[in-house]
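Student: Residue-level listing of the chains:
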Amino acid sequence: MDKEEKKNIGYLAEVTKGFIKENPIFILCLGLCPTLAISNLVENAFGMGFAFFFVLLCSNITISLVQKLIPDEVRIPCFIVIIAAFVTVAGLLMQWLIPDVYARMNLYINLIVVNCIILGRAEAFASKNNVLRSILDAVGMGIGFFAGLLLISAIREITGFGTFLGFRLIPQHIKPVAIMILAPGAFFTIGFLMALFNLIRMKKGKVSK
Amino acid sequence: MLKDKHLTVTVSPHIKTALSTEKMMWIVSCALIPASAAGIYFFGFRAALVIAACIVSSLLSELFCTLLMKKPATIKDGSAFLTGLLLALCLPPGLPLWMCFLGGFFAIAVSKFAFGGLGFNIFNPALAGRAFLMGAFAKEMTSWKTLRVFPDGITAATPLNLLKEQGYDSLMKVYDSHSYLFKELFIGHVGGSIGETSAALLIIGGLILLFARIITWHIPVSYILTVAIISYFTGGTFGIIFHLLSGGLMIGAFFMATDPVTSPLTSKGQLVFGAGCGILTMLIRLRGGYPEGVCYAILLMNSVTPLIERYSKTRIFGAGKNG
Chain X
0 MDKEEKKNIG
10 YLAEVTKGFI
20 KENPIFILCL
30 GLCPTLAISN
40 LVENAFGMGF
50 AFFFVLLCSN
60 ITISLVQKLI
70 PDEVRIPCFI
80 VIIAAFVTVA
90 GLLMQWLIPD
100 VYARMNLYIN
110 LIVVNCIILG
120 RAEAFASKNN
130 VLRSILDAVG
140 MGIGFFAGLL
150 LISAIREITG
160 FGTFLGFRLI
170 PQHIKPVAIM
180 ILAPGAFFTI
190 GFLMALFNLI
200 RMKKGKVSK
Chain C
0 MLKDKHLTVT
10 VSPHIKTALS
20 TEKMMWIVSC
30 ALIPASAAGI
40 YFFGFRAALV
50 IAACIVSSLL
60 SELFCTLLMK
70 KPATIKDGSA
80 FLTGLLLALC
90 LPPGLPLWMC
100 FLGGFFAIAV
110 SKFAFGGLGF
120 NIFNPALAGR
130 AFLMGAFAKE
140 MTSWKTLRVF
150 PDGITAATPL
160 NLLKEQGYDS
170 LMKVYDSHSY
180 LFKELFIGHV
190 GGSIGETSAA
200 LLIIGGLILL
210 FARIITWHIP
220 VSYILTVAII
230 SYFTGGTFGI
240 IFHLLSGGLM
250 IGAFFMATDP
260 VTSPLTSKGQ
270 LVFGAGCGIL
280 TMLIRLRGGY
290 PEGVCYAILL
300 MNSVTPLIER
310 YSKTRIFGAG
320 KNG
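Here the protein sequences come in this chain order: X and C.
Under numbering that gives the first Met the number 0, the letters of the first sequence match residues 0 to 208, in that order.
Under numbering that gives the first Met the number 0, the letters of the second sequence match residues 0 to 322, in that order.
Simulated from the structure, these hints should not be mistaken for laboratory data.
Backbone N, C-alpha and C define an ideal beta-carbon position, used for all residues, glycine too.
A couple of the hints might just be wrong.
To be verified - A few chain C residues that face chain X, going by a derived Cβ cut-off under 10 Å, partial list only: (1) Leu-96; (2) Met-98; (3) Phe-105; (4) Ala-130; (5) Leu-132; (6) Pro-290.
Unchecked claim - With a straight-line cut-off of 25 Å between C-alpha atoms, the simulated PhoX-like cross-links for lysine-lysine are: (7) X:Lys-16 / X:Lys-174; (8) C:Lys-172 / X:Lys-203; (9) X:Lys-20 / X:Lys-202; (10) C:Lys-138 / X:Lys-202; (11) X:Lys-127 / X:Lys-20; (12) X:Lys-174 / C:Lys-138; (13) X:Lys-202 / C:Lys-172; (14) C:Lys-70 / X:Lys-203.
Stated by the list, open to error - Computed far set for chain X versus chain C, every beta-carbon distance over 10 Å: (15) Leu-56; (16) Ile-60; (17) Thr-61; (18) Gly-190.
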């Protein structure tokens with residue numbers, strides 16, 4: 000029964016569910032640690048988003064390929080080893096391509112290893128579904144996370160620094176609201192965006208009923 | 000005897016007080032008039048602008064939120080007015096007006112309506128607004144304007160600030176003697192936020208509230224007593240008088256900590272709440288990084304109010320030991 004229901008979801012829906020319906024940040028509330036920590040600059044969000052996307056995609060593919068080989072009792076350690084391998088690859092790539100961004104956030108890049116979205120997708124999705132669906136799932140979730148991160152960091156950078164990707168949007172003489180780039184600003188932004196997403200979901204639910 | 004045709008059947012309570020939320024808010028606002036007037040007198044017209052900006056922005060935010068959430072308009076119940084006034088009274092008089100607007104908006108929209116409106120807020124909105132401004136514009140929030148009627152035009156760092164940053168000796172250099180310092184603190188002729196400086200007028204306002212039975216004695220007394228005890232053990236008699244009269248203690252103890260929404264309901268709980276505020280205030284003043292701790296102390300105690308309520312529940316009569 001469960002399997003039949005799963006199959007009924009179209010391939011496109013497998014991707015788009017990550018945007019709003021199952022958005023990892025705002026609806027599933029996963030991966031909030033990196034979101035809170037690095038979302039004060041749009042540049043950071045790009046770095047984090049790409050690294051995250053790469054690791055999620057690679058680990059989802061690998062895990063769905065080897066799902067039959069992993070004994071059930073030790074599946075979490077196996078997932079972590081696979082994820083850690085790709086995180087190392089992503090870290091080294093970033094160190095080579097964008098060293099200054101990496102220097103600023105290497106701690107959080109390394110923490111992707113235990114990121115609950117990636118581990119959660121491995122556990123809940125990739126280990127139970129075929130490769131194609133796992134890829135689509137990773138793409139959807141990756142875009143959902145990336146977009147969420149981008150949205151939060153854009154709000155925080157514009158209000159907290161007065162800039163967007165380093166370009167000054169708000170004139171220098173207006174003092175930016177410094178609290179927005181500190182931890183409380185992250186909580187305010189995420190809280191209000193979460194409310195907004197719930198509102199969208201509620202509105203949609205009403206329409207479909 | 001029964002003039003109405005219908006008998007109304009309701010659950011208890013049957014005897015209702017004439018004191019409505021609206022009336023309560025306006026009485027509290029009136030009790031703040033002396034302190035606000037003193038603020039305007041000591042700091043000049045700029046202070047009046049700050050007060051006006053905060054009140055206007057609070058009222059507009061209230062209107063905006065009730066319209067947005069399609070709730071009944073509560074702009075006239077005085078709560079937004081009071082929040083704006085309280086916020087202004089704990090801001091420095093020289094704060095840029097757009098920051099005042101932002102603070103008022105944050106106080107109403109984020110710390111009150113995001114939680115569901117009046118009666119559902121966890122934190123005192125005025126203090127949350129102040130804490131937000133403190134986090135956002137730390138420099139502007141701690142630059143104290145020179146007093147308008149200060150005899151020598153000395154830059155008016157708050158006495159607490161002087162004590163913290165430069166020590167007891169330089170405090171005494173500005174205010175020659177203990178008695179002079181205490182007198183200035185008592186009437187409010189020192190640097191500080193608009194409405195927090197005049198201890199005397201705040202005590203008068205607090206007594207009005209006590210007399211009108213808007214607040215009970217529990218929170219202010221336990222708060223002030225705790226501060227007095229701790230300051231006696233750390234600074235002797237000078238410590239007691241200095242810490243009681245300086246900073247935002249009086250406005251905090253009488254007007255902020257007693258907010259009925261964010262403080263415990265039972266008298267036992269209120270005593271614990273006041274004592275907690277006192278301990279945290281002194282901890283921040285003596286050991287913390289900030290010169291003044293009233294705002295954060297009350298906000299922190301606001302957050303443990305549900306816990307205090309839970310452990311200070313009055314026993315239901317006849318319901319046994321755990322009732």
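Student: Are the hints correct? Go through all of them and say.
Tutor: Status of the hints after comparison with the structure:
no.: 1; hint: Leu-96; result: 13 Å, violated
no.: 2; hint: Met-98; result: 8 Å, holds
no.: 3; hint: Phe-105; result: 9 Å, holds
no.: 4; hint: Ala-130; result: 9 Å, holds
no.: 5; hint: Leu-132; result: 8 Å, holds
no.: 6; hint: Pro-290; result: 20 Å, violated
no.: 7; hint: X:Lys-16 / X:Lys-174; result: 39 Å, violated
no.: 8; hint: C:Lys-172 / X:Lys-203; result: 68 Å, violated
no.: 9; hint: X:Lys-20 / X:Lys-202; result: 12 Å, holds
no.: 10; hint: C:Lys-138 / X:Lys-202; result: 43 Å, violated
no.: 11; hint: X:Lys-127 / X:Lys-20; result: 20 Å, holds
no.: 12; hint: X:Lys-174 / C:Lys-138; result: 11 Å, holds
no.: 13; hint: X:Lys-202 / C:Lys-172; result: 65 Å, violated
no.: 14; hint: C:Lys-70 / X:Lys-203; result: 22 Å, holds
no.: 15; hint: Leu-56; result: 36 Å, holds
no.: 16; hint: Ile-60; result: 41 Å, holds
no.: 17; hint: Thr-61; result: 42 Å, holds
no.: 18; hint: Gly-190; result: 7 Å, violated
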